[in-house]
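The listed protein sequences correspond, in order, to chains A and B. Every letter in the first sequence is one number past the one before it in numbering that gives the first Met the number 0, and letter 268, counting from 1, is 267. Every letter in the second sequence is one number past the one before it in numbering that gives the first Met the number 0, and letter 55, counting from 1, is 54.
It is worth saying that the hints were derived from the structure and are not from the lab. There could be a bad hint or two in this list.
For identical chains, the list gives no copy identity; a pair is met inside one copy or between any two copies.
[What the hints assert, rightly or not] Straight-line distance between alpha carbons at most 30 angstroms, and here's what the computed BS3-like set of lysine-lysine pairs gives:
#1 154 with 278
#2 278 with 296
#3 226 with 297
#4 226 with 154
#5 123 with 226
#6 297 with 267
#7 131 with 154
#8 296 with 123
#9 296 with 131
Chain by chain, the residues:
2 protein chains.
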Amino acid sequence: MDHQMGLKREETGVDASKELPPCCLKAMAALPESESKCINTVVTGWFSEPQSFSGESCKYFNNPMWPGEAHSLKVEKILFKGKSDYQEILVFEVLVVGGGDGGVLREISRHSSVERIDICEIDKMVIDVCEKYFPYLSLGFEDPRVSLHVGDAAKFLREASEGMYDAIIVDSSDPIGPAQELVERPFFETIARALRPGGVLCTMAESMWLHTHLIQDMLSICRATFKGSVHYAWTSVPTYPSGSIGFMICSTDGPPVDFLNPVNPIEKQDARKSQRELKFYNTEMHKAAFALPSFAKKELNKFLTPQTVKVI
Amino acid sequence: MDHQMGLKREETGVDASKELPPCCLKAMAALPESESKCINTVVTGWFSEPQSFSGESCKYFNNPMWPGEAHSLKVEKILFKGKSDYQEILVFEVLVVGGGDGGVLREISRHSSVERIDICEIDKMVIDVCEKYFPYLSLGFEDPRVSLHVGDAAKFLREASEGMYDAIIVDSSDPIGPAQELVERPFFETIARALRPGGVLCTMAESMWLHTHLIQDMLSICRATFKGSVHYAWTSVPTYPSGSIGFMICSTDGPPVDFLNPVNPIEKQDARKSQRELKFYNTEMHKAAFALPSFAKKELNKFLTPQTVKVI
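Using the sequences and the hints given, assemble the complete structure.
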C-alpha cells in the first residue's frame, strides 16, 4: 500500500490541510470500487455490515470505514431487501437500524417539556420499511408534536428561520459516503444559525477507537462554529464496529448548558409518565459517557470545553 | 432449536438449579462438536475468534460462547501457530492475547506499594510465545518482585497459606470450557481463604450484553463467599464480542474497601515513576466503569453491594 501513503485529501475531494492516516488512505482507495460493487450482503446465513463479495469485483472484505475488520451476525430470515435512491436497505428479524426509523423521535417523546418536533429524513423508504418491520421504533412518528419533512436536511435547515430551534439532533449515516456533507463546516454553520442562543446540537461522532482524526476534524469545526461549548461522549453499542459510538454535543453562544448534569433527569420523566421502561440510558450512564480514555483525552482535549468529571 | 429448549444444566454438567437461557442452550448443544473439531482459524487472510471451518464438521460458524455472532480481523501475517496441552495459540502481527502474557504483571509493576507478586499460569507455552512475540507485555515478568509458578491456579491457591494475599487477580479464559472451574464456588472459596481480611479479588466477568445469567451466577456465589463487598464494572474492549468486558470486584470481610475511589490513583504513580504512559486507564474511567446500563442494574443489582455513583 506504499503508493497510497502520499495520497492527500485534495485527490479525494476532502480538506487537503493535512495528510490522512494510513487507515483512511486504505479506506479512500477502496471507495470507488466499494461504492460501485460492494454492498452489504448475506452469505450462507451470515450478515457482515463491512463485507463484500469474495469474487474479483472487490479487493476488500470490508467496509472502507473499517479496513481489516468485519463483524458478522447470524441472520435468521431476511424480511425485506431493497434499494432506495440513497442506500441499500436490509431488514432482519433482529437488528437495529439507524436513520429515520423513528427511534430518536420515540425517545424525544418521553420529554413533556418538548412542544414541537420537526424531523427531516431524506429517504422515505427507511420510514416506510421501519413502519412495517419496526413498529416499536416508528411509533415515534405517532406523537402529535411530530411534523415529518421528507427531503435534504441541509436544505431544510438553510430555509429554517434563524434561532428557530432549541435542539437539533443529527442521526445520519457514516461520514465517508453520501452523508459526508453532514460532517462539514457549512452544515454545522447552518445548524448553529438555526439554533437559538444557548441551543444544543447532538450528532453521532464516530468511535474513538477507530477514527480519532475524523472526530478531531468535526470537533475542530464545531469549536469554531459553536461558541458555547463542545463536548465528546461515548457509549457501548455492541453492533457497531469497535463496540462503541461517540457523540459530539455542542451549544451555541448564550445561556450556558450543563451537559453533564441534565436539568430534566430521565428518571423523573419516567416516573411521571407510564411509558415503556428504558433498558439502557440512565443519569449515571449519561454522566459516565463523558469520561474518556487517556488516549482519547490526549487527542481530543484541545478541541473540547474543559469539564470536571468526578464520580463519588 | 425447540428440542434444545428443555435442556437443563445437569445434562451438561453445570449447576442444575435453573434452566439456561436460549443463547446458552445453543452454546452448550454446540460444545462437544466445537471442542473436538472447531478451532480458531484463518480463512483467506481473515481471523475470526468465533469461527469454524465451513465444512461438515461444524454446524456453527462461531464460538459456542457467542452463537450467531462472529468478529473478524484481517490478518497480515501469521507469526506463530501451535497447540499446547490447554489451548490453541495463534500469534498475529497485531493482536492482544489474554492469560499469561505478562500484561497484568506489567500494570501491577507500576505500583510501588506492591512488595511481592506471585503469578500462577497453567500454560507455559503462553509465556514462551508471548516472550518472543509480545516483549512489551512479557516485560512484566522482569520485575524482580515477580515469582512465576507454572501449574493449576486452583491447586496453587489451595496450598497457599490462609490470608496470605492482599489481592488476587484472575485473568483466565472464558467460563465455558477448560476454565470453567475458575468461575465455580469452590474456587472462589479458595480465593477468599487465601485473602487477608479486607483483601480484594478482581476477575473477568463476561460482557453484560451477552451473558448476564453467567454474571448473575458468579455474583451470587461471590455474594455468599465475599462478606466485604461485591461490585461489577465494565469497560470498552473493541476486540471482545459485544465490544465490552466486565469485571467482578469483591472484598473479604475486614477493613472496608472503597473500590470507586482508588487510594493510590494511577496518575500519582505515573508522576512518580518514568514509566510507559498509560493509553486507556485513568481515574475518571475507573469510576465511570461502575456506572451500569438500566438493564444490567435491573438484572444484577440484587447481588451487588449498594453504591452511589455520581459524576460532577
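Here's how the hints hold up against the structure:
| no. | hint | verdict |
| --- | --- | --- |
| 1 | 154 with 278 | neither (35 angstroms within a copy, 41 angstroms between copies) |
| 2 | 278 with 296 | both (29 angstroms within a copy, 9 angstroms between copies) |
| 3 | 226 with 297 | within (22 angstroms within a copy, 40 angstroms between copies) |
| 4 | 226 with 154 | within (23 angstroms within a copy, 62 angstroms between copies) |
| 5 | 123 with 226 | neither (34 angstroms within a copy, 57 angstroms between copies) |
| 6 | 297 with 267 | between (35 angstroms within a copy, 18 angstroms between copies) |
| 7 | 131 with 154 | within (28 angstroms within a copy, 58 angstroms between copies) |
| 8 | 296 with 123 | neither (39 angstroms within a copy, 37 angstroms between copies) |
| 9 | 296 with 131 | neither (42 angstroms within a copy, 32 angstroms between copies) |
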